[in-house]
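Visitor: Following the hints, put chain H in place on chain V, whose structure we already have.
Number of protein chains: 2
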Amino acid sequence: MSKDRLIYLPLGGAGEVGMNAYVFGYGPKGRERLILVDLGVTFSDMASSPGVDLIMPDLRWLEERRDRLEAIIITHAHEDHVGAVGQLWHKLRVPVYARDFTARIARLKMQDAGQDPEQVITVGKAPETLELGPFRVQFFPVAHSLPEASGVVIDTPAGRVVHSGDFKADRTPGVGEPHDPEMLAQIGRSGVKALLCDSTNVMNTHAGRSEATLTAPIAQLMRDARGMVVATTFASNVARLKTLAVAAHEAGRSVCLMGRAMLRMTQVATEAGILKDFPPTISPEAAKDVPREKLLLIVTGSQGEGRAASAQLARGTYMGLNMKEGDTFLFSSMTIPGNEREVGRVVNAFARMGVDVLDNSARLYHVSGHANRPDLEAMHDLIQPQMLIPVHGEHRMLHEHAKLAIARGMQSMVVPNGAVVDLTGAAPVLVDEVETGRVYLDGSRMIGAMDGIVRDRIRMAIGGHVFVTLILDEDDELLGDPWAEIVGLRPTGKGGQPLNEIIEEELAQYLSRAGAKTMADDDKLNDGLRRVVRQVTMEEIGKKPEVTIVVSRLMND
Amino acid sequence: MSKDRLIYLPLGGAGEVGMNAYVFGYGPKGRERLILVDLGVTFSDMASSPGVDLIMPDLRWLEERRDRLEAIIITHAHEDHVGAVGQLWHKLRVPVYARDFTARIARLKMQDAGQDPEQVITVGKAPETLELGPFRVQFFPVAHSLPEASGVVIDTPAGRVVHSGDFKADRTPGVGEPHDPEMLAQIGRSGVKALLCDSTNVMNTHAGRSEATLTAPIAQLMRDARGMVVATTFASNVARLKTLAVAAHEAGRSVCLMGRAMLRMTQVATEAGILKDFPPTISPEAAKDVPREKLLLIVTGSQGEGRAASAQLARGTYMGLNMKEGDTFLFSSMTIPGNEREVGRVVNAFARMGVDVLDNSARLYHVSGHANRPDLEAMHDLIQPQMLIPVHGEHRMLHEHAKLAIARGMQSMVVPNGAVVDLTGAAPVLVDEVETGRVYLDGSRMIGAMDGIVRDRIRMAIGGHVFVTLILDEDDELLGDPWAEIVGLRPTGKGGQPLNEIIEEELAQYLSRAGAKTMADDDKLNDGLRRVVRQVTMEEIGKKPEVTIVVSRLMND
Numbered sequence: 001m002s003k004d005r006l007i008y009l010p011l012g013g014a015g016e017v018g019m020n021a022y023v024f025g026y027g028p029k030g031r032e033r034l035i036l037v038d039l040g041v042t043f044s045d046m047a048s049s050p051g052v053d054l055i056m057p058d059l060r061w062l063e064e065r066r067d068r069l070e071a072i073i074i075t076h077a078h079e080d081h082v083g084a085v086g087q088l089w090h091k092l093r094v095p096v097y098a099r100d101f102t103a104r105i106a107r108l109k110m111q112d113a114g115q116d117p118e119q120v121i122t123v124g125k126a127p128e129t130l131e132l133g134p135f136r137v138q139f140f141p142v143a144h145s146l147p148e149a150s151g152v153v154i155d156t157p158a159g160r161v162v163h164s165g166d167f168k169a170d171r172t173p174g175v176g177e178p179h180d181p182e183m184l185a186q187i188g189r190s191g192v193k194a195l196l197c198d199s200t201n202v203m204n205t206h207a208g209r210s211e212a213t214l215t216a217p218i219a220q221l222m223r224d225a226r227g228m229v230v231a232t233t234f235a236s237n238v239a240r241l242k243t244l245a246v247a248a249h250e251a252g253r254s255v256c257l258m259g260r261a262m263l264r265m266t267q268v269a270t271e272a273g274i275l276k277d278f279p280p281t282i283s284p285e286a287a288k289d290v291p292r293e294k295l296l297l298i299v300t301g302s303q304g305e306g307r308a309a310s311a312q313l314a315r316g317t318y319m320g321l322n323m324k325e326g327d328t329f330l331f332s333s334m335t336i337p338g339n340e341r342e343v344g345r346v347v348n349a350f351a352r353m354g355v356d357v358l359d360n361s362a363r364l365y366h367v368s369g370h371a372n373r374p375d376l377e378a379m380h381d382l383i384q385p386q387m388l389i390p391v392h393g394e395h396r397m398l399h400e401h402a403k404l405a406i407a408r409g410m411q412s413m414v415v416p417n418g419a420v421v422d423l424t425g426a427a428p429v430l431v432d433e434v435e436t437g438r439v440y441l442d443g444s445r446m447i448g449a450m451d452g453i454v455r456d457r458i459r460m461a462i463g464g465h466v467f468v469t470l471i472l473d474e475d476d477e478l479l480g481d482p483w484a485e486i487v488g489l490r491p492t493g494k495g496g497q498p499l500n501e502i503i504e505e506e507l508a509q510y511l512s513r514a515g516a517k518t519m520a521d522d523d524k525l526n527d528g529l530r531r532v533v534r535q536v537t538m539e540e541i542g543k544k545p546e547v548t549i550v551v552s553r554l555m556n557d
Numbered sequence: 001m002s003k004d005r006l007i008y009l010p011l012g013g014a015g016e017v018g019m020n021a022y023v024f025g026y027g028p029k030g031r032e033r034l035i036l037v038d039l040g041v042t043f044s045d046m047a048s049s050p051g052v053d054l055i056m057p058d059l060r061w062l063e064e065r066r067d068r069l070e071a072i073i074i075t076h077a078h079e080d081h082v083g084a085v086g087q088l089w090h091k092l093r094v095p096v097y098a099r100d101f102t103a104r105i106a107r108l109k110m111q112d113a114g115q116d117p118e119q120v121i122t123v124g125k126a127p128e129t130l131e132l133g134p135f136r137v138q139f140f141p142v143a144h145s146l147p148e149a150s151g152v153v154i155d156t157p158a159g160r161v162v163h164s165g166d167f168k169a170d171r172t173p174g175v176g177e178p179h180d181p182e183m184l185a186q187i188g189r190s191g192v193k194a195l196l197c198d199s200t201n202v203m204n205t206h207a208g209r210s211e212a213t214l215t216a217p218i219a220q221l222m223r224d225a226r227g228m229v230v231a232t233t234f235a236s237n238v239a240r241l242k243t244l245a246v247a248a249h250e251a252g253r254s255v256c257l258m259g260r261a262m263l264r265m266t267q268v269a270t271e272a273g274i275l276k277d278f279p280p281t282i283s284p285e286a287a288k289d290v291p292r293e294k295l296l297l298i299v300t301g302s303q304g305e306g307r308a309a310s311a312q313l314a315r316g317t318y319m320g321l322n323m324k325e326g327d328t329f330l331f332s333s334m335t336i337p338g339n340e341r342e343v344g345r346v347v348n349a350f351a352r353m354g355v356d357v358l359d360n361s362a363r364l365y366h367v368s369g370h371a372n373r374p375d376l377e378a379m380h381d382l383i384q385p386q387m388l389i390p391v392h393g394e395h396r397m398l399h400e401h402a403k404l405a406i407a408r409g410m411q412s413m414v415v416p417n418g419a420v421v422d423l424t425g426a427a428p429v430l431v432d433e434v435e436t437g438r439v440y441l442d443g444s445r446m447i448g449a450m451d452g453i454v455r456d457r458i459r460m461a462i463g464g465h466v467f468v469t470l471i472l473d474e475d476d477e478l479l480g481d482p483w484a485e486i487v488g489l490r491p492t493g494k495g496g497q498p499l500n501e502i503i504e505e506e507l508a509q510y511l512s513r514a515g516a517k518t519m520a521d522d523d524k525l526n527d528g529l530r531r532v533v534r535q536v537t538m539e540e541i542g543k544k545p546e547v548t549i550v551v552s553r554l555m556n557d
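The listed protein sequences correspond, in order, to chains V and H. Residue numbers for the first sequence follow UniProt numbering, so the first one is 1 and each next one is one higher. Residue numbers for the second sequence follow UniProt numbering, so the first one is 1 and each next one is one higher.
No lab work stands behind these hints, which were simulated from the structure alone. Just to be clear, a hint being listed does not mean it is correct.
[As the list claims (entries may be wrong)] Each computed BS3-like pair below joins lysine-lysine, with the alpha-carbon atoms no more than 30 Å apart:
(1) 276/V x 294/V
(2) 324/H x 125/H
(3) 494/H x 91/V
(4) 403/V x 294/H
(5) 276/H x 294/H
(6) 91/V x 288/H
(7) 544/H x 494/H
(8) 288/V x 276/V
(9) 91/H x 544/V
(10) 517/V x 544/V
(11) 29/V x 91/V
(12) 403/V x 276/H
(13) 276/V x 125/V
(14) 494/V x 544/V
(15) 494/V x 517/V
(16) 544/V x 524/V
(17) 288/H x 276/H
(18) 288/V x 324/V
(19) 294/V x 3/H
(20) 276/H x 324/V
(21) 125/H x 91/H
(22) 517/H x 544/H
(23) 294/V x 324/V
(24) 29/H x 91/H
(25) 29/H x 494/V
(26) 544/H x 544/V
(27) 3/H x 29/H
A quick note: this is a predicted structure, and the numbers were derived from the prediction, not measured.
With the rest of the complex left out, here is chain V:
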């Protein structure tokens, strides 16, 4: 009877770990009312996005349908879920709902981007219910690596959808709500059409470990270490900050938090009433007067980020403090794939100073915030969905999770970014594919990933840049000589002559031979000059540079 349908469309996060943005729709085809779950960022890298500050999902599809969008729901305060709220809110202009801690972080994002923080509305966990058009949405607590992480139950006339959020099956997570199988079973009991489920750790076949298993090894480390201990972890991992601080405190060490993100996170967690019984901390100023063996610094920079506290300590002094032989540096963290080189640089710098560097290779000092395969299976069993849609993972993880679900008797489908899937029936059906992609925050402004700007930068980084200027008079005749400037290239050719002079000579020769037609035609002239530059440069130094040509034509006034 009803022609209404329930659709799902990931605009980010499906095929990557990062920039999560999941759209749900319900209503007649093309007139569905919509909600967006999460609006996160991805981090840039020098190989594919040099100079870019943040990567975000391209929301054009949603922006064009803004009148149908009811709300933005944020599951938790990690950057890949909340990071783009400030920068992209003005494109959507609907209320943002989140639980208290997450909402506080989201408001800071709005403020940073010059948006109104009042657009972010705090919602309590279930049974508190948001009525959003045809959707009834409840937040349910899950254990994760930061406080107040949540999944969401989305009830629609076509049935119940459960979005797991990022979760782990940890019954003793330290800070934040424990994994609660009873509650999850309760959610499943009323019948669930679709479970959208975290896929990050589907490849890991071991049962996950609890945050609580770290207490003893970290306490021992704080007692046994000879000199200063410096520990890094994600600033948002408030439970870990507490585990580290308590262990240090009990071992007679003063605790000093360093790095902007660390201070911001602990401040917000304190304001939200989450960070209770945290040991007293001292300022970096005060830390300078504490004997090294009585000190723990907790610093930012677990991923080797160049501007974070850890990298600054690796280079020398940070806020008046520095590391020495006999000190210990602890990575209470994992290295996100792709950051190995940056982390390695920090590790090696410390090793050169004689600092003992400890990481999680013996599995003593870190646990993941994501459910491993056995815990995912337990989640499937608790929620008992008709269909399972893997989210939050690279393609390989999504495929593995879908395979797993099918083997366990569920309907499943890999739904990559941009795929519109109809969830109304007994199995997911691909009904459309929409254009999606990435946009970059570059400095203070947005640019498109595909508009050639970053491509030009990469070309300059690989090939160097040759810049050619020449002046033509009213009769298209060369006035003076052409000039070539080179940046990022060897200044001399194979014979030792300056490369720019060699290029200039070849350009002059080319121009002397060029016909009147070429000289009058900007495009032709540019092409010809560019070809000459690339040919000469290849011949002289074996490089094909990026070439920019500026032809100035003097006109009669």
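Guide: Using the frame of chain V, we list chain H on its own:
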């Protein structure tokens, strides 16, 4: 009585895995006769060396003492040991000694670089002995991940030095000589002053596994796989190529080798008589006609290199072949730290096609070529050196290895690149530090790592490039308007006006206000203009670009 001394100086490889280059000297201070062991390369990356083709040790110190250099010794044919021989030989111009397989590869390097391959001289293993000034050098076979890997015994009047080369304690390495504890003990028996020892896997506390353990799992994979199997490993790992090919052959699969390095390595190994009983192979052309389930491709690109066969298959078709759902891709390899992102890209592309991707995470399909800690300890015990100098490792590994050696009763010292250590006495003594560093092969020419060329490229990659041209007449007055060209930046400012126009306006204003002194002074003018460009760009789009200014002054003829 004698004032002669035995010195050791790493120019590369100590503090990094890559570009090995170890100098030994014997004689009166400042007049030591020298030998160089290994001359390898390191690979570049986009973050720190974009566009660079290869990274090599800076040999200036050795070049200035070329008259004292007896020879270059190459332990084995991996790129980080032999890769720079062709490009840097002309700086040293002494004979290059290596065993047969290594010598063949070294000759190809010489040829590629336009040098005389006859400078490479083949040497047999011990007891064959090279007399090089005060040095008597013997090659001894070690097990590693390619054929004819060797350590060297260097006998000097001050005692015996043993350089382990890259080794693993594998008694069944498949192809190549097995680990031979008897022989090593024999070397140690006559008394060893110093062991320079591979440190790559010192962090790994498990005993190493043999190449032979891979035979069964790989054979099973070849039998069980439904579709085509494509496997990648280092081309030089000839034992692995054989393990893969034999397993496939026995499972009724035809074997096709793909990728330039793969063909080159197997050809050299065949010519050297090392690759015996290799199953017949077919051409890519012929492979097209073989049913998928009867085919194994062995391809280059285990590190996700963009131009290698694996990455091309990930993007689509390579030599007429492509991957499909149901096929299997096997990484019979490990990912070198820093390459995770590139490998991840390939893995995800295959996953998207529905290809099953297998790697070594279950430790079934790859073993390392380097000795783990227990095997290093066994090596110490066999050689029984007075002192142990860790080589071939990042700082962290060198420190760990030195700590281990000291705990086990040896003298030890971390000797980083550029440190000159006197080995004559009972313990190593730091006697000098020399300037060392890296040089880059960039296209067809060498550039210095520190000469600013690559720094400029990185700056353009991060900040974009603004190029300003202006013309001044004979009286230092502006002729026409200043032009600004932007590359790698958002073309419009915050108000939507073209960025280059905004810059040009600000430049014109600046020039109209500039005094005659500034206008006459190129440096002052450049500084002022650069500051204006960076200020405006920061204000408009939040970026600080690289700026190049060209001021053309028209002169009276």
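Visitor: It remains to establish, for every hint, whether it holds in the given structure.
Guide: Outcome of the hint check:
1. 276/V x 294/V: 23 Å, holds
2. 324/H x 125/H: Measuring from Cα to Cα gives roughly 47 Å; hence the hint is violated.
3. 494/H x 91/V: Distance of about 16 Å is within 30 Å: holds.
4. 403/V x 294/H: 25 Å, holds
5. 276/H x 294/H: Roughly 23 Å separates the two Cα atoms, so the pair holds.
6. 91/V x 288/H: The hint is violated at about 51 Å.
7. 544/H x 494/H: The hint holds at about 15 Å.
8. 288/V x 276/V: 26 Å, holds
9. 91/H x 544/V: Status holds; Cα separation ~27 Å.
10. 517/V x 544/V: Holds, at roughly 27 Å.
11. 29/V x 91/V: 23 Å, holds
12. 403/V x 276/H: 42 Å, violated
13. 276/V x 125/V: 20 Å, holds
14. 494/V x 544/V: 15 Å, holds
15. 494/V x 517/V: Distance ~34 Å between residue 494/V and residue 517/V Cα, so the pair is violated.
16. 544/V x 524/V: The given pair, whose Cα atoms are some 20 Å apart, holds under the 30 Å limit.
17. 288/H x 276/H: Holds, at about 26 Å.
18. 288/V x 324/V: 14 Å, holds
19. 294/V x 3/H: 49 Å, violated
20. 276/H x 324/V: 54 Å, violated
21. 125/H x 91/H: The given pair, whose Cα atoms are some 28 Å apart, holds under the 30 Å limit.
22. 517/H x 544/H: This hinted pair holds, its Cα atoms lying about 27 Å apart.
23. 294/V x 324/V: 14 Å, holds
24. 29/H x 91/H: Distance of about 23 Å is within 30 Å: holds.
25. 29/H x 494/V: With Cα atoms ~38 Å apart, residue 29/H and residue 494/V exceed 30 Å; violated.
26. 544/H x 544/V: Within the cut-off at roughly 26 Å; holds.
27. 3/H x 29/H: Given pair residue 3/H, residue 29/H holds - Cα atoms ~8 Å apart, limit 30 Å.
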